[in-house]
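Chemist: What follows is each chain in one-letter form.
Protein chains: 2
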Amino acid sequence: MVSAVEQSVLFQYWQIFLPLFLLFAAFLYLKDKKEIEAFTNASKKVREHNKLDGADLVAVTEEDIDQEDEFSPSLETKDHVPFSGASVTLPGGAKEFYKMANDRRSVRKYSTKPVPIEVIEDCVRSAGTGPSGAHTEPWTFCVISSAEIKQEIRDIIEQEELLNYTQRMHKQWTTDLSPLKTNHVKEYLTDAPYLILIFKQTYGLREDRKRKQHYYNEISTSIATGILLSAIQSAGLSSLITTPLNCGPALRSLLNRPANEKLLVLLPVGYPSDDCKVPDLSRKDLSEIMVKY
Amino acid sequence: MVSAVEQSVLFQYWQIFLPLFLLFAAFLYLKDKKEIEAFTNASKKVREHNKLDGADLVAVTEEDIDQEDEFSPSLETKDHVPFSGASVTLPGGAKEFYKMANDRRSVRKYSTKPVPIEVIEDCVRSAGTGPSGAHTEPWTFCVISSAEIKQEIRDIIEQEELLNYTQRMHKQWTTDLSPLKTNHVKEYLTDAPYLILIFKQTYGLREDRKRKQHYYNEISTSIATGILLSAIQSAGLSSLITTPLNCGPALRSLLNRPANEKLLVLLPVGYPSDDCKVPDLSRKDLSEIMVKY
Chain A
124 MVSAVEQSVL FQYWQIFLPL FLLFAAFLYL KDKKEIEAFT NASKKVREHN
174 KLDGADLVAV TEEDIDQEDE FSPSLETKDH VPFSGASVTL PGGAKEFYKM
224 ANDRRSVRKY STKPVPIEVI EDCVRSAGTG PSGAHTEPWT FCVISSAEIK
274 QEIRDIIEQE ELLNYTQRMH KQWTTDLSPL KTNHVKEYLT DAPYLILIFK
324 QTYGLREDRK RKQHYYNEIS TSIATGILLS AIQSAGLSSL ITTPLNCGPA
374 LRSLLNRPAN EKLLVLLPVG YPSDDCKVPD LSRKDLSEIM VKY
Chain B
124 MVSAVEQSVL FQYWQIFLPL FLLFAAFLYL KDKKEIEAFT NASKKVREHN
174 KLDGADLVAV TEEDIDQEDE FSPSLETKDH VPFSGASVTL PGGAKEFYKM
224 ANDRRSVRKY STKPVPIEVI EDCVRSAGTG PSGAHTEPWT FCVISSAEIK
274 QEIRDIIEQE ELLNYTQRMH KQWTTDLSPL KTNHVKEYLT DAPYLILIFK
324 QTYGLREDRK RKQHYYNEIS TSIATGILLS AIQSAGLSSL ITTPLNCGPA
374 LRSLLNRPAN EKLLVLLPVG YPSDDCKVPD LSRKDLSEIM VKY
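Chains A and B are the protein sequences, given in the same order.
Residue numbers for the first sequence follow the working numbering, so the first one is 124 and each next one is one higher.
Residue numbers for the second sequence follow the working numbering, so the first one is 124 and each next one is one higher.
Note that these hints are calculated values from the structure, not bench results.
Be aware that a few hints might be false.
No distinction is drawn between identical chains; accordingly, a pair holds when it is met within one copy or between any pair of copies.
Below are the DSSO-like pairs computed for lysine-lysine, each with C-alpha atoms no more than 30 Å apart in a straight line [stated by the list, open to error]:
| id | residue 1 | residue 2 |
| --- | --- | --- |
| 1 | K309 | K335 |
| 2 | K218 | K400 |
| 3 | K335 | K385 |
| 4 | K385 | K222 |
| 5 | K201 | K236 |
This one's a predicted model, so the numbers in the text were calculated from it and none came from an experiment.
Generate the whole structure from the sequences, applying the supplied hints.
Modeler: Dropping the structure here:
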C-alpha cells in the first residue's frame, strides 16, 4: 500500500501539491468570511431602517415603551405644578364640536381666493399643541404659498402619478382603473393658496450631537394632523389629506428638509371653488364605530 | 534543502498530517457555511416581521398609494354633489381654537367625578368624521365604564410594566430608572370614569367575505384620535394618550376584538383630581415647527 503511495504523483510532487492545497483552503475560508460580513451588514441595515423609518410600532422595544410612558427626560427635569383642568372650552361643548367636525369634507377643487397667513399660523400653532412621545414634538409643518414651488411640487407629484398609471396598465387592471385615466392631473396643488407638507422627525439631535430617538413620531405627528384639521375647520377653510409617499424623497429635497424628516401627508388649504363637488358619502353610524363595556 | 525536508516530521508522517489538515480545512469551511445560513434566516425574519405588523408605510406600494389617492370604490359608486364649504365654524376662528387647544394638558391623576356618556358619544362621533384612506373608516373606539373591566385592564398593564421594570434591571439601567420604581402603578386606569381604547382595523371584509385592505389605517386612526382629543378639550375634559403596545394582544382578547383590530392607543377620560399636578412644560415656538416657502 505504501509503495503504491510512494509511486503516486501526489507523493512525488507533494512539495508542490501541499502548498497549492493550503492556498485553495485559505481561499475558500476567506471567501466565506467576506460573505458572512456581507450578511451581517445587510441585516444590520434592515434593523437600522426599522429604527429610523416611521415603523415605530415595529421597532418599539419594551424599554422604548417604558420611556414613552414614564421615562421622559424633559419631564424629569421639570417641576410639577397644580392643574385644575380645562379653562377654555367650546360653548355647546362636544355636541357643538361634532356639528363643526361633521361639516368637514375633503375638497379636491379649490378657489384661488387668498387666505391670511395669520390664520394658517394659528392652525399650525394648534397642531403644535398635540401630545407626543416623551414630549419630543417630532413634527415640521412646511407651508407653501410661493406659486413657483407649488408648481414644482405639482410637477413632481403628477409625474409620479403618471408613472403609477403606466405601471398599473402592466398589471392588467385596465378595466378597474380606466376611470382614473385623467386623474393624475391635480389642479388643487397650484390652485389652493397654501400647501402644507407635514414631516415627521424620525429622530432628533441632543446638545452633544448624539441622536435622540423620537418614540412614536408617526402616531404623534398624525394626531397633530388631526388637531390641525379641526383648527382648519374652525376657521371655515377646507383641505384634503393626501399621502404622496412615493414622492416623499423628491419633495423633501425640493424643500431642503434634513435627513431625519420624512413626509407624512400633504394637504392643500383654502376655500372650495365655486363649482366644487364632493362625493355624496355617508359616514358610519356611532353604533358601527363605538363599543361600550 | 530537500534533504532537510525529507528528514522533517511533516514529510515522514505526511500520510497522517495531510488527512488531518484536510479534515481541519473542511471543518472551517462547513462551520462558516452554517453561520451564513444563520445570518440569512435572521435578516429574512426581520423583513417578514415588517411585512406583517401594521407597518402600513413600510408595506405600502405605489399601487396602494394610487388607490389611496384616486381609486376609491366608495367614491366611484357615489354621485357628486355641490359643496360650498364649511357652514359650521368657530366664533373667533383659528385664533380661538388655538386658545382651546393650547389649554390641553396630559393628565395622569383623575377625579372619579362622573361624566355623562352622551358627552363621550359626541366626542367619538367627532373622531368618526376624520378622513381615511378610500373612506374605509378603519377604527373602533372601545369605551370602558365598567369598574370590573377597568380593573382587569389595569391589572394587565401594571403586570406588564412590572415585567418591563425587572427586565430593565437586568440591563443595569438601575441609576437612570430608579425614579420609576413605583411608577408601574397606574391609578388613572381605575379612577377615570372612562377608558377609551382605540383600535385600528388593519383590514376589512367585503360582502363576498374577501379581505379588503385598509390603506394607511394607522395614520387615519391617529388623525381621528387628534380630532377626538380636540372634542374632549371642547367638552372641558382631560385625557392622556398612552401606548401600552406590549399589552395590545392581552387587551384585545379581554375585549373580544376581532383579529383585524390592533390596539393603537389607550386614553383615560375625565376630570383631573383636586391634587392633580402636571410637569411645567413649554411647547416649541411656532418658528421651531413651521417653515414658510
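Chemist: Of all the hints given earlier, name the ones this structure violates by number, lowest first.
Modeler: Nothing - there is no hint that the structure violates, so all of them hold.
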